[in-house]
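Engineer: Using the sequences and the hints given, assemble the complete structure.
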Amino acid sequence: MRIPTACRRHLQGAGGAAAFAAAGILNQYVFVCVMAVPWIAYVPSSTVDILLAIALPLPFVAVASPMLTAGQRRRFRRMRGVDIPRLPPRERAPEGVGRRGALWRRVLGWLRSRATVRELRYHLLLGPAVAFGGLLTLVTGFVSLVAATIYLWIWVLPLHWRLSWHGYSTDAAYITAAGTAALLGTAWLIGALARLDTRNAVALLGPSREERLARRVEDLTESRAGVVDAADEERRRIERDLHDGAQQRLVSMAVNLGLARATLGDRLSDEARAVIDEAHREAKEAIAELSNLVRGLHPAVLEDRGLDAALSGIAARAPLPVRLRVELPARPSATIEAVAYFVVSEALANVVKHAQAAEATVTVERFGARLLVVIADDGVGGADPAAGTGLAGLAKRVASVDGTFSVSSPPGGPTIVTVELPCAL
Amino acid sequence: MRAVIAEDSVLLRIGLVKVLETAGFEVVAEVDDAEALLAAVAEHRPDIAVVDVRMPPGFTDEGVRAALVIRRQWPGVAVLLLSQYVEERYAADLLSANTDGVGYLLKQRVADVEEFIDALRRVADGGTALDPQVVSQLLVRRHSDPLDRLTRREREVLELMAGGRSNAGIAGQLVVSESAVAKHINSILAKLDLPKADADHRRVLAVLRFLGVA
Numbered sequence: 001m002r003i004p005t006a007c008r009r010h011l012q013g014a015g016g017a018a019a020f021a022a023a024g025i026l027n028q029y030v031f032v033c034v035m036a037v038p039w040i041a042y043v044p045s046s047t048v049d050i051l052l053a054i055a056l057p058l059p060f061v062a063v064a065s066p067m068l069t070a071g072q073r074r075r076f077r078r079m080r081g082v083d084i085p086r087l088p089p090r091e092r093a094p095e096g097v098g099r100r101g102a103l104w105r106r107v108l109g110w111l112r113s114r115a116t117v118r119e120l121r122y123h124l125l126l127g128p129a130v131a132f133g134g135l136l137t138l139v140t141g142f143v144s145l146v147a148a149t150i151y152l153w154i155w156v157l158p159l160h161w162r163l164s165w166h167g168y169s170t171d172a173a174y175i176t177a178a179g180t181a182a183l184l185g186t187a188w189l190i191g192a193l194a195r196l197d198t199r200n201a202v203a204l205l206g207p208s209r210e211e212r213l214a215r216r217v218e219d220l221t222e223s224r225a226g227v228v229d230a231a232d233e234e235r236r237r238i239e240r241d242l243h244d245g246a247q248q249r250l251v252s253m254a255v256n257l258g259l260a261r262a263t264l265g266d267r268l269s270d271e272a273r274a275v276i277d278e279a280h281r282e283a284k285e286a287i288a289e290l291s292n293l294v295r296g297l298h299p300a301v302l303e304d305r306g307l308d309a310a311l312s313g314i315a316a317r318a319p320l321p322v323r324l325r326v327e328l329p330a331r332p333s334a335t336i337e338a339v340a341y342f343v344v345s346e347a348l349a350n351v352v353k354h355a356q357a358a359e360a361t362v363t364v365e366r367f368g369a370r371l372l373v374v375i376a377d378d379g380v381g382g383a384d385p386a387a388g389t390g391l392a393g394l395a396k397r398v399a400s401v402d403g404t405f406s407v408s409s410p411p412g413g414p415t416i417v418t419v420e421l422p423c424a425l
Numbered sequence: 001m002r003a004v005i006a007e008d009s010v011l012l013r014i015g016l017v018k019v020l021e022t023a024g025f026e027v028v029a030e031v032d033d034a035e036a037l038l039a040a041v042a043e044h045r046p047d048i049a050v051v052d053v054r055m056p057p058g059f060t061d062e063g064v065r066a067a068l069v070i071r072r073q074w075p076g077v078a079v080l081l082l083s084q085y086v087e088e089r090y091a092a093d094l095l096s097a098n099t100d101g102v103g104y105l106l107k108q109r110v111a112d113v114e115e116f117i118d119a120l121r122r123v124a125d126g127g128t129a130l131d132p133q134v135v136s137q138l139l140v141r142r143h144s145d146p147l148d149r150l151t152r153r154e155r156e157v158l159e160l161m162a163g164g165r166s167n168a169g170i171a172g173q174l175v176v177s178e179s180a181v182a183k184h185i186n187s188i189l190a191k192l193d194l195p196k197a198d199a200d201h202r203r204v205l206a207v208l209r210f211l212g213v214a
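Chains as they are written, first to last, in our numbering: chain U, 1 to 425; chain P, 1 to 214.
Please note that the accuracy of each hint is not assured.
Restricting the straight-line Cα-Cα distance to at most 16 Å, the calculated cross-link-like pairs of lysine to aspartate or glutamate (EDC-like) are [what the hints assert, rightly or not]:
(1) U:K396 - U:D384
(2) U:K396 - U:E365
(3) U:K284 - P:D8
(4) U:K284 - P:E115
(5) U:K396 - U:D378
(6) U:K284 - P:D112
(7) U:K353 - U:D378
Please keep in mind that the hints were generated in silico from the structure rather than gathered at the bench.
Structural biologist: This is the structure in structure tokens:
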């Protein structure tokens, strides 16, 4: 007989789910049995008795709960391929109970922790309920299987049994049909129960949703900080390479050309002199351009001397008067320094390009764990971060380190760019 | 005149030697770190030491610290610092003791050979040479002080004074007459409330005030 593929797959899946349910029944009823011990030992009659019968096994159950959880974790991994992540220790210990508290406090805290409560909900309520459903389904399945194959049994069982059943050939046909239908139904049901059990276990035995989100946020924060630091480190490396390589060669070349100009001046034709002059000027321009490029990346002065020195360099180079005030008791981290430097550098470039300002003010101060950078100008205003100017890039770079960025620029000015950066104490 | 060069970049050191020799200096020692520099100065007692700020082993301000030692121990040795960037505090440190025979220039100025030779000779002769960038960076720090009262032209004159130029040098640079320069300087001295004493002394005081070190 050929069983259709879909049907076969259905039954095969049901086989795995049935084995899973059977294993679950053994696991799930450990605690139920423990909880039942007092009820078997004696029949509680008064309210106190009942309360005691419930309360006495509880500590044992709570202490054994992680072991049982480990067993369940193994069952889900081996039989369903579902990995239930372990709980981080902090979920076991509720707030306010540290590692140093008294033992009973810690045990109490541990028992009352949300993780333990969730585990017990699984081990004592949902788990056994599903396992009971599983037991019923397995029994039903077994009965259905026997019914579906009734013709086989009729021939295997003793002859008088068959002879005593009048009209068995039609009855058995109905039983086979009903059994087959019930078998398919239980196969579906056992699968559904396995899925339900898995969902319960993931929700109650694994980390809670908040915990998973918190961990995800931690991971993301960490990896983002890593990316930002790596980008910064890369900029510094490029700066060093340019400085040690191309820049030194250019300066050396310009010196040689300058020497040629100074010493050979009289002995050269006008044409040759003009060529040397031109080459000398170009070499100097190349040095200036390279310096500008390096300054935009991560200037050496920032690494060596910090924000104050680096910013006074940009302020001095700006074609408009810039007043600079930097008040920092200590140097922030290299990444924060780089972002602050970039902010001032770009904001001043924007002022020069768009603001038509007469002067600008830059202040860098620290308030608690925040670094406050303010760039103000007395120009025409109307700067819009959404308009795709350099301001949008600034905002992104600031956001990459969890900083805040705001621009106040009414038409007619003044424009004030305010940036706050986190700055560990 | 005899010179010692301390510079860790080989290319630039070769260039510097050529420039100094062209300018008529005798390069008695070329070294590449601060310790060797002090040893060389002690041994040769040169007229001038040309010193890179950033040198091994720390690559931070070894050159400045060595320069301060030289200024203290051998006041007769002029020091010309070369730096990749400007740090005003270095300039202030150097100038606070004595402005004679001190220079602070950006490395790339070496390429302007004639001007660099000018600055070299000035410093070796006991004068001062400050990079225009040092001067403009020091200006950024000024808030409301007497310097704000100066006109643009007077400020230019003061910057050039701080750079170590003579009246004639300033006049040449700004393309004005020497008497006009003298008039500007008098006006500057008056606006900075400097006491009427001998002109050279007042001139130095003006420069120091300008640099924020007095």
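Engineer: Each hint should be assessed against the structure and marked as holding or not.
Structural biologist: Here is what the structure says about each hint:
1. At roughly 15 Å between alpha-carbon atoms, U:K396 and U:D384 fall within 16 Å of each other, so this suggested pair holds.
2. At most 16 Å may separate the alpha-carbon atoms for a hinted pair to count; U:K396 and U:E365 exceed this at roughly 21 Å.
3. Distance restraint check for U:K284 and P:D8: the Cα-Cα separation of roughly 21 Å exceeds the 16 Å cut-off, and the hinted pair is therefore not satisfied.
4. A distance of roughly 14 Å separates the Cα atoms of U:K284 and P:E115; the hinted pair therefore holds under the 16 Å criterion.
5. A threshold of 16 Å between alpha carbons decides the hint, and for U:K396 with U:D378 the separation of about 25 Å lies outside it, so the pair is violated.
6. At roughly 9 Å between alpha-carbon atoms, U:K284 and P:D112 fall within 16 Å of each other, so this suggested pair holds.
7. This hinted pair checks out: U:K353 and U:D378 have alpha carbons roughly 14 Å apart, not beyond 16 Å.
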